[in-house]
Amino acid sequence: MVVPDEATGDLPEAAARRFASGAFTSGLTVPDFAACLQLGLEPVGFTQGYSVMRWQWYGMSPMGMGGFGAQWGGIRGYSDTWSCPHGMVSAEHRSWGQNYEQAWVEDAWTTGFTTAYGRMVEEAASGGAHGVVGVVDTCQPLSDMGVLEFRVQGTAVRVTDGTPPAAGRPWTTYLAGQRLTKLIEAGYAPVSIAAATSSVRVWANCVTQYLTEGSNSMYGGTTPGAEITQTVTAQMAARQIATQRVRSQLGHDSLHGAALTTTQRELGEGDAEIECILRGNRVRRFKDFDPMPGPRPTVRLL
Amino acid sequence: MSGTGPLAGDREGDGGDIRAEMRAAAEALGHEPARGTGRMTSDLSIDEELVLHSIGWEPVELVSGVSMHSIPVGVWNWGQGEIGYASAAYARSFANATERIHEQCTKAGGRGVVGVHVEWAVERHHIEVALTGTAVRPVGATGLGTDPVFVSDLSGRDFALLHNAGWAPLGLAAGASFVYAPRRSMGATMKQSGQNVELTNFTEAMYAARESAMERMQTAALDLGGTGVVEVKVTEGPMDFAHHAVGFTAYGTVVRLVAEEHRHPGARMVLPMDDPVVRFDAAALRG
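Chain order of the listed sequences is A and B. To convert, note that position 181 of the first sequence is 181 in the numbering used here; the numbers rise steadily by one, no gaps. To convert, note that position 209 of the second sequence is 209 in the numbering used here; the numbers rise steadily by one, no gaps.
A few of these clues could be false.
To give a feel for the contact side, a few chain B residues facing chain A, derived at Cβ under 7 Å [stated by the list, open to error]: (1) VAL51; (2) VAL73; (3) LEU271.
Pair by pair, the computed Cβ-Cβ distance ranges are [claimed, not checked]: (4) B:ALA267 - A:GLY268: 50 to 58 Å; (5) A:ALA259 - B:HIS31: 22 to 30 Å; (6) B:THR235 - A:GLN140: 25 to 33 Å; (7) B:ARG183 - A:ASN216: 20 to 28 Å; (8) A:ALA259 - B:LEU199: 39 to 47 Å.
Chain A residues, not near chain B, derived (Cβ > 12 Å throughout) [claimed, not checked]: (9) GLU13; (10) ASP80; (11) SER83; (12) THR138; (13) CYS139; (14) LEU142; (15) VAL147; (16) GLN153; (17) TYR219; (18) GLY220; (19) LEU267.
In case anyone wonders, no lab produced these hints; they're calculated from the structure. Computed from a predicted model, the values in this text were never measured in an experiment. Positions of the beta carbon are idealized from the N, C-alpha and C atoms, including for glycine.
Only chain A is shown next, with the shape it has when bound in the complex (with noise of 0.2 Å):
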């Protein structure tokens, strides 16, 4: 078994005796698995990676926030001030807001999941593979301790009378079976997979909190049923965070098949945290689209 230099890490050895066993395992469906035959690319086995992180967003630990919160510690990335329209009115009162990047929170991520995905491509050039198919990944609490668990699963191939992969690291994709067929008759070979996240706080000004809670602010200067600029701002930036660092992996190759899900978490009074996540396959074009007949309907008698 031909063993690449970088997949020399921290594999367990129990790794290595398993894809020398002579057996292979797969993820794949039987169809997806019927399609990779097809295709020419022969199942090495199913890989997996993982990595347990510690996970605290609100702890006030200047180690876990890069800094005591963003005001006092720096903020990395984008950032937008939010100014109150009533002047000094009271200690309670929400004066200024701010939108501001979680640096630390998609480091953690950042960190997580390349953690997890630099496993299971070392997992699969250890036993020889070419590429993995059908990736999977999740990221999910193992408990309620503030524990996060990233997992990263495919199935490793070699391409049948294929040359080794370029520094011997394995090429990726989400796609299996047909869908992969596909892309590869349609021009395009898989590079590896694609994730970004991005995390944007938004800590409201009294103009957006008003707003949040539906309330009408006794000082003025908000309008009941006005859009929830700070909010959507937050929304926007966070959306658009994670494209640009999915494109900055890119170089002068295309995202295909990308996911992006956006999640929400109120946290009271207007303030919220953003999170965003953009998934999908790095491509490159190694031939000229076929032409492609004209899609020809049909009804199916059933």
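With chain A's structure known, arrange chain B on it following the hints.
Leaving out everything else, chain B in the frame of chain A:
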């Protein structure tokens, strides 16, 4: 296992070409991509992308638009007729989100957005609309086209079918109405207690909300210069935080015939030869 193992199969048989292409694809990863060949981002499936190419269009960039409008406190509880704040908040959120995705599409050099995922939420104090889709353009097109940029929730496949039939999407049209279901009088409540009777206050509120929402959507379609709306999605019912209010929302893609006349796609009948699954019901033996 190696390339000469049993899983390698019969290389002379079916699939030989695709295997050669797979090898070529894997080998291409050893070289740097040509400059200017990529940088596209898309959430379309490969099927959708292929079908788009078949009609001379290509994806350009993933784009999105979001808007959120406030709803003043107390508007859901007591009143009569339409809850104007909520209906207006939905309309403005939809319009602003559309404007933002439109702006991103134009900036990316797209001529329209297809496959838009419409996510919306009605909460007690706000209504939120988020649109995400892929900007598309005719293959190789640059700059702005002569036709206005469109936003559509049609899939790549539906867009291609529409295009081939001589129609064009113009934009998204939406309408919503939130209406109070008036509380019954004490006498009516007592009279109907313990009986299965129609609650006309709710039925009438549903009809009122429906008519207003559908009318708004149609008006929006006419404002865009469309002749109809396809793929209309509707939702109806009460909100879990406002039991005496009902809402009706509707949105769809506005279309217009751009060819001289509709071109019938000429669907071909196909009879799948799969064996049907026959289910055996043991209970049927008892007669």
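A quick look at each hint next to the structure:
Of the supplied interface hints, the one on VAL51 of chain B holds, with its beta-carbon coming within about 5 Å of a beta-carbon of chain A, less than 7 Å. Interface hint status for VAL73 of chain B: upheld, as the beta-carbon distance to the closest one in chain A is roughly 4 Å, under 7 Å. Using the Cβ-Cβ criterion of 7 Å, the hint placing LEU271 of chain B at the interface with chain A is satisfied: the shortest such distance is roughly 5 Å. Remark: the range hint 50 to 58 Å for ALA267 of chain B to GLY268 of chain A is upheld by a beta-carbon distance near 55 Å.
Restraint check, ALA259 of chain A to HIS31 of chain B: a C-beta distance of roughly 29 Å satisfies the suggested window 22 to 30 Å. Taken as a hint, the range 25 to 33 Å holds for the pair THR235 of chain B and GLN140 of chain A, whose Cβ atoms sit roughly 30 Å apart. Separated by about 25 Å at the C-beta atoms, ARG183 of chain B and ASN216 of chain A satisfy the suggested range of 20 to 28 Å. The supplied range of 39 to 47 Å is met by ALA259 of chain A and LEU199 of chain B, whose beta-carbon atoms lie about 42 Å from each other.
Against the 12 Å criterion, GLU13 of chain A stays outside the reach of chain B, whose nearest CB is about 21 Å from its own CB. With 12 Å as the threshold on Cβ separation, the claim that ASP80 of chain A sits away from chain B holds: the shortest Cβ distance comes to roughly 15 Å. Even its closest Cβ contact with chain B, about 19 Å, leaves SER83 of chain A beyond 12 Å, as expected for a residue assigned away from the interface. With 12 Å as the threshold on Cβ separation, the claim that THR138 of chain A sits away from chain B holds: the shortest Cβ distance comes to roughly 20 Å.
Residue placement check: CYS139 of chain A keeps its beta carbon more than 12 Å from all beta carbons of chain B (closest about 20 Å). A cut-off of 12 Å between C-beta atoms confirms that LEU142 of chain A is not in contact with chain B; the least separation is 29 Å. Even its closest Cβ contact with chain B, about 30 Å, leaves VAL147 of chain A beyond 12 Å, as expected for a residue assigned away from the interface. For GLN153 of chain A, the shortest C-beta to C-beta distance to chain B comes to about 20 Å, beyond the 12 Å cut-off, and the non-interface label holds.
Every C-beta of chain B lies more than 12 Å from that of TYR219 of chain A, the closest at about 16 Å, which supports listing it as non-interface. The Cβ of GLY220 of chain A sits about 15 Å from the closest Cβ of chain B, beyond the 12 Å cut-off, so the non-interface label holds. With a minimum CB-CB distance of about 14 Å to chain B, LEU267 of chain A clears the 12 Å threshold, and the non-interface call stands.
In this structure, none of the earlier numbered hints is contradicted; all agree with it.
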